[in-house]
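Protein chains in written order, with the UniProt record's numbering: chain A, 1 to 329; chain B, 1 to 284.
In short, the hints are calculated from the structure, not lab data.
Simulated restraints, written as ranges between beta carbons of each label pair:
{"no.": "1", "chain 1": "A", "residue 1": "Asn173", "chain 2": "B", "residue 2": "Leu33", "range": "48 to 54 angstroms"}
{"no.": "2", "chain 1": "A", "residue 1": "Ala192", "chain 2": "B", "residue 2": "Pro281", "range": "27 to 33 angstroms"}
{"no.": "3", "chain 1": "B", "residue 1": "Pro281", "chain 2": "A", "residue 2": "Gly206", "range": "32 to 38 angstroms"}
{"no.": "4", "chain 1": "B", "residue 1": "Leu33", "chain 2": "A", "residue 2": "Pro67", "range": "50 to 56 angstroms"}
{"no.": "5", "chain 1": "B", "residue 1": "Ala118", "chain 2": "A", "residue 2": "Gln273", "range": "50 to 56 angstroms"}
{"no.": "6", "chain 1": "A", "residue 1": "Ala192", "chain 2": "B", "residue 2": "Ala118", "range": "48 to 54 angstroms"}
{"no.": "7", "chain 1": "A", "residue 1": "Asp200", "chain 2": "B", "residue 2": "Thr103", "range": "41 to 47 angstroms"}
{"no.": "8", "chain 1": "B", "residue 1": "Val88", "chain 2": "A", "residue 2": "Pro67", "range": "48 to 54 angstroms"}
{"no.": "9", "chain 1": "A", "residue 1": "Ser18", "chain 2": "B", "residue 2": "Ala118", "range": "22 to 28 angstroms"}
{"no.": "10", "chain 1": "A", "residue 1": "Ser18", "chain 2": "B", "residue 2": "Val88", "range": "47 to 53 angstroms"}
{"no.": "11", "chain 1": "B", "residue 1": "Gln230", "chain 2": "A", "residue 2": "Pro67", "range": "53 to 59 angstroms"}
{"no.": "12", "chain 1": "A", "residue 1": "Gly71", "chain 2": "B", "residue 2": "Trp114", "range": "26 to 32 angstroms"}
{"no.": "13", "chain 1": "A", "residue 1": "Ala25", "chain 2": "B", "residue 2": "Val88", "range": "57 to 63 angstroms"}
For the chain B half of the interface with chain A, some residues (derived, Cβ under 8 angstroms), not all of them:
{"no.": "14", "residue": "Gln183"}
{"no.": "15", "residue": "Leu184"}
{"no.": "16", "residue": "Gly185"}
{"no.": "17", "residue": "Ala186"}
{"no.": "18", "residue": "Ser187"}
{"no.": "19", "residue": "Asn199"}
From the derived model, a few chain B residues whose C-beta atoms are all more than 12 angstroms from chain A:
{"no.": "20", "residue": "Ala31"}
{"no.": "21", "residue": "Asp40"}
{"no.": "22", "residue": "Ile47"}
{"no.": "23", "residue": "Leu52"}
{"no.": "24", "residue": "Glu116"}
{"no.": "25", "residue": "Val138"}
{"no.": "26", "residue": "Ser144"}
{"no.": "27", "residue": "Thr209"}
{"no.": "28", "residue": "Leu227"}
{"no.": "29", "residue": "Arg244"}
{"no.": "30", "residue": "Thr249"}
Glycine included, C-beta positions come from ideal geometry on N, C-alpha and C.
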Amino acid sequence: MSRPPLLEARDLVRIYRSRRGLTGAVTEVRAVDEVSLKLRAGETLGIVGESGSGKSTLGRMLLGLDPAQGGTVLFEGMALPRFGTPIWRRLRARMQMVWQDPLSALDRRLTVAAQIREPLDIHRIGTPEERPARTASLMTAVGLRADQGGRYPHELSGGQRQRVVIARALATNPALLVCDEPVSALDVSIQAQVVNLLRDLQGQKGLGMVFISHDLKVVRNLADRVAVMYLGRIVEEGPAEQIFAEPRHPYTQALVSSIPVPGRPLDARILLQGEPPNPAARPAGCAFHPRCPLAQGLCRTRVPALRVPEPGRAVACHVTAGAQSPVAA
Amino acid sequence: MALADILPRTRRLLPAGLPVSVALSLFWLAAMLICAALADLLRPYPITRMDLAARLAPPLTPHHWLGTDELGRDVLSRLIQSVRVSLVIAFGATILSAVFGTTLGFLAAKARGWVEHAVVMLADFQAALPFLILALAVLAFFGSSMQLLVGLMGFYGWERYARIARGLAISAGAQGYAAAVVQLGASPARVYLRHILPNVASTLIVSMTLTFPEIVLMESGLSFLGLGVQPPETSLGNMVGLGRDYLTTAPWIMLAPAVVITLTTLSISLAGDWLRDRLDPTIR
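Go ahead and model the full structure; you've got the sequences and the hints to work with.
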């Protein structure tokens, strides 16, 4: 294919430095560590991982909100401009974000319609006379009633607020939508509605979507491809159905086995041993080895590279990546 | 008629949702503004006109309804002129310091780095310096004029706005609505003026209602020390200062401006609180 992918990340690195107290040593946290990924137009990439795995940081870097200390992000083949520059601002019309907490992402002093309209004003889309009509059609598209436009965010329910955030993100007809845990702040009953809304909109508009979540059920529902992150690195990537049907990395296996399945007893779960990882004290070698049931000597010393056991899949594991058949869990 | 009968009736005359205390405050402030604007028409006598036959006349004397001072000057006339002078200084200076402080605070929050350090250091410097001493030094060097007085008072209290604005803007920018609007591609001017400023305005307004009376009192203090408003011009603080000598024998000279200061600052405070609540759609 000659056309560049919609979004491509090459070896992204993001390091946070923190200091304990005034004289304490500076500790480095590699929140995102040499992450590469590609997203084609119209495709949904799910990024899953525990909290602290760097998935939200990665999402912000993909939009150019957080600077990368290493590596580049290419959007439609062009490197992302620096944060805050006029070119970066203009590019916002093409790439948008759906936030985790819709109440804090909305300005509580402006009506919902004013906020959905805002991107149109910012990017001067349509004449000022056309914008109210466009706002109304956006509201309909996300399942809000036109008369709710005069409301303030606190007067809406959580699900409705998230619909407002989605409508605002879609106002400029972006090509890329990054959703950072868009449903984790919502009730379970509302989650399904919002997920379905996102999937429908994605289908209609041919959006490229990066969907960040710790909720595997939601990701399985939505994503074409899935990338699993552990302590800032992608440990496994592949088509969603394959990842969930036959996970290769031991971490993915543990995650997938934790999804409750009706009719299956819970004993089949793989319970991970040891502490949840601390990003500031990253284990040597494969970061997962202290909790890994399959860890060998090599895992403690060398960081496994992403290998491609079959086309379209990648696994970073010394033990399972080479195996031709899925490892019995 | 009992007070209980009057209250519901007056309440009906007011717009819905306007408390009586706020209505009275707004009325008083409007009266003060009219008084300041039309001082030349309202004043019964020129402020320097002496009526030596009626010196230290008590209030309710015919032709001198608030009495006269030791030189036989009409207190009401001087009071009206004082309201004009003091309001110009206090409003002008309050607005000046709010705009100056908020701008610097936002600048610090936007630019971070050395700009922020410089602003914070200036604010600390201002807070550590006794303002009266600074004002005395400046006025002693340059002499007193109305413009200089307003400008000087405008530096009073700016560090509070700067700190509040900086803190609130940083917290708004770190997460939440401001970050979301930045992500929409909004220019910094739009982010700060359309989103952050309205959201932090309530805190700034409260701060203004605190600064306003302080500026009135500061001006009184300076006038009392002879470096503020220069006689024969008059201001509320000036009147209080000069009336002090006759406190026991002719208290009205001092009480009239003192009452005006008290009522105006109280009204500002009540109206400011009400305005803050009105501006917040989440409370309505």
